[in-house]
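J.: Each chain, letter by letter, is given below.
There are 2 protein chains.
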Amino acid sequence: MVRPVSELSSLIETRLNELDLNRTPHDLYQPVSYMLSLRAKRTRPVLLLAGCDMFGGNLDHALSPAAGIEVFHNFTLLHDDIMDNAPLRRSHQTVHKRWNPNVAILSGDAMFVLACQLMMQTRDECLREVLEIFHRTAIEVCEGQQMDMDFERMEKVSIQDYIHMITLKTAVLLGCSLKIGAEISGAAKQDSEHVYEFGKNIGIAFQLRDDLLDVFGEGTKVGKQTGGDILACKKTFLWLKASEIATGTERENLIYWFHSTNEDPGQRVHHVKAVYESLGLFELAQKEMEKYYNIAMHHLDAIEVIEENKSVLSSIAGKLMVREH
Amino acid sequence: MVRPVSELSSLIETRLNELDLNRTPHDLYQPVSYMLSLRAKRTRPVLLLAGCDMFGGNLDHALSPAAGIEVFHNFTLLHDDIMDNAPLRRSHQTVHKRWNPNVAILSGDAMFVLACQLMMQTRDECLREVLEIFHRTAIEVCEGQQMDMDFERMEKVSIQDYIHMITLKTAVLLGCSLKIGAEISGAAKQDSEHVYEFGKNIGIAFQLRDDLLDVFGEGTKVGKQTGGDILACKKTFLWLKASEIATGTERENLIYWFHSTNEDPGQRVHHVKAVYESLGLFELAQKEMEKYYNIAMHHLDAIEVIEENKSVLSSIAGKLMVREH
Numbered sequence: 052m053v054r055p056v057s058e059l060s061s062l063i064e065t066r067l068n069e070l071d072l073n074r075t076p077h078d079l080y081q082p083v084s085y086m087l088s089l090r091a092k093r094t095r096p097v098l099l100l101a102g103c104d105m106f107g108g109n110l111d112h113a114l115s116p117a118a119g120i121e122v123f124h125n126f127t128l129l130h131d132d133i134m135d136n137a138p139l140r141r142s143h144q145t146v147h148k149r150w151n152p153n154v155a156i157l158s159g160d161a162m163f164v165l166a167c168q169l170m171m172q173t174r175d176e177c178l179r180e181v182l183e184i185f186h187r188t189a190i191e192v193c194e195g196q197q198m199d200m201d202f203e204r205m206e207k208v209s210i211q212d213y214i215h216m217i218t219l220k221t222a223v224l225l226g227c228s229l230k231i232g233a234e235i236s237g238a239a240k241q242d243s244e245h246v247y248e249f250g251k252n253i254g255i256a257f258q259l260r261d262d263l264l265d266v267f268g269e270g271t272k273v274g275k276q277t278g279g280d281i282l283a284c285k286k287t288f289l290w291l292k293a294s295e296i297a298t299g300t301e302r303e304n305l306i307y308w309f310h311s312t313n314e315d316p317g318q319r320v321h322h323v324k325a326v327y328e329s330l331g332l333f334e335l336a337q338k339e340m341e342k343y344y345n346i347a348m349h350h351l352d353a354i355e356v357i358e359e360n361k362s363v364l365s366s367i368a369g370k371l372m373v374r375e376h
Numbered sequence: 052m053v054r055p056v057s058e059l060s061s062l063i064e065t066r067l068n069e070l071d072l073n074r075t076p077h078d079l080y081q082p083v084s085y086m087l088s089l090r091a092k093r094t095r096p097v098l099l100l101a102g103c104d105m106f107g108g109n110l111d112h113a114l115s116p117a118a119g120i121e122v123f124h125n126f127t128l129l130h131d132d133i134m135d136n137a138p139l140r141r142s143h144q145t146v147h148k149r150w151n152p153n154v155a156i157l158s159g160d161a162m163f164v165l166a167c168q169l170m171m172q173t174r175d176e177c178l179r180e181v182l183e184i185f186h187r188t189a190i191e192v193c194e195g196q197q198m199d200m201d202f203e204r205m206e207k208v209s210i211q212d213y214i215h216m217i218t219l220k221t222a223v224l225l226g227c228s229l230k231i232g233a234e235i236s237g238a239a240k241q242d243s244e245h246v247y248e249f250g251k252n253i254g255i256a257f258q259l260r261d262d263l264l265d266v267f268g269e270g271t272k273v274g275k276q277t278g279g280d281i282l283a284c285k286k287t288f289l290w291l292k293a294s295e296i297a298t299g300t301e302r303e304n305l306i307y308w309f310h311s312t313n314e315d316p317g318q319r320v321h322h323v324k325a326v327y328e329s330l331g332l333f334e335l336a337q338k339e340m341e342k343y344y345n346i347a348m349h350h351l352d353a354i355e356v357i358e359e360n361k362s363v364l365s366s367i368a369g370k371l372m373v374r375e376h
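Residue numbers (my numbering), protein chains in the order written: chain A, 52 to 376; chain B, 52 to 376.
Hints should not be assumed to be uniformly reliable.
Identical chains share a label here; the pair holds if one copy fits it or two copies do between them.
Claimed, not checked - Below, in silico cross-link-like pairs of lysine-lysine (DSS-like), each with a Cα-Cα straight-line distance of 30 Å or less:
1) K148 - K285
2) K207 - K148
3) K148 - K286
Hints in this document: simulated from the structure, not taken from any laboratory.
Assemble the whole structure, with the sequences as input and the hints as a guide.
T.: This is the structure we're talking about:
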């Protein structure tokens, strides 16, 4: 019998609370403690534990690596927030605003070291494999973030490049979390690959869903202003697809309202959304999303454990796909 | 017969040149390549190899970790330069000036991952031990950098706090390099501790020598303006000791000229240096430095290998102590 998500979540909160962050220098450790205290879904560490649990692994060997993957994820958020000059993270001030950019750079660095230290607290037999997946993923996440920044300055970005970018920036860390859990459990090589591919493809679907919700979600439910990506001129799947297929007046309208940062924000969102709707983009994005969801489920099917042990992953996948906040 | 420093240096350059940094995204990898191409003494990787060689270890197992320690060191320089807003590093533009701060943050992060990946390329038998020393040191270096930034804002800093800060920020990485080399060679536990303490104490002496040279060195030889630390109001050993012992008019003079950033730079250095000289600070700093040098040599003596195998370390120590650039 595999453990439900609620039980996995509470194991992680307990492990995170055990971290000794009441250390000096305070300006190095308090931002770490602050980041980890912000309410979060702990998706990645839950996946890591679930990846271990489904193959009958001992969760004691996975708890510290699970905390490590959450610390790593928060490190990337901390540094990304400096780069994006974001004022808020999870409805609270970002570290670089609440303290300053130097504190944010350095406490981010310390978080990364802390993540490595936690990742090592597992069995000797899988240590090298776990760290290799972790570091390969870490470098891919850096590559994804750089590509995202590059795209801001680029005239033309293909859908393929966009999918590649979100794969690196977001999706591989979900696959990595699951695979580390599987490796700790001692799962067979091919199962560990399938669980990685499941996580990665769910991650891609998840990001496409995010792009969709930004425009077509209900503002209050998604917890942010509808059309935030449009107002920030973000080259999401919707924008890239629209600029690929729009022609004539529709194209002119799209380009005008997307880039006219001087116009009224409500009007900008309204007009861009109208073009998206007339191009049938809701359905196109939904279809693209389902494509990756289906690939993910195909990999889940291929894993050689009893169906019952897959229930947690399929329920997480299902919830990610219908989430509205 | 242990290998001379020149041979160890050339082994490191070869290994660093083998790194595949001609990768995309270019803005992530080019700064890494740029940092590593700047002329440097490669002190830390040389120490790592020397630490392995003196115990008869196989250098093939130490070459990638040696490259890793150099990449890590350059990562800390890269992020420190952003925090210090430094325009130059090794007479070349810093990464955040040549590219921009976001590129510097992210390529620094990537360098840290790369350092971890290189550090892992060693024997399974010592993998955990090597990574534990490496990460413990990495977090200490972050702590030292934060303390250094804290000191800038603090009224009073004790000599003890200052020594603690330079130990973390600079010295432990030298000890760590040697200890990793020793661990890879399979050296005995107590020898590995002695070689660590040797490196750490040489590191402290080395930093005190740096403080001294800034004021009493010949500008052209040290490759920077004499008194740079005074002009930047840096709380070095000299300043802290002087403000501890100066009284009366001397004290007033010291404080006035140290903090008067509006006055002529040449005059500031001249007056502060005059107080340092009249307080006999050159001798006091020299004595402090020798104290740590002697502790280092005591640990070197205690290592149980034939004297001949210690020749490289004692020669490195000697050179560090008389270096004028």
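J.: Against this structure, judge whether each hint is valid.
T.: Comparing the hints with the structure gives:
1. K148 - K285: both (23 Å within a copy, 26 Å between copies)
2. K207 - K148: between (33 Å within a copy, 27 Å between copies)
3. K148 - K286: Classified as both: same-chain Cα gap 26 Å, cross-chain 27 Å, threshold 30 Å.
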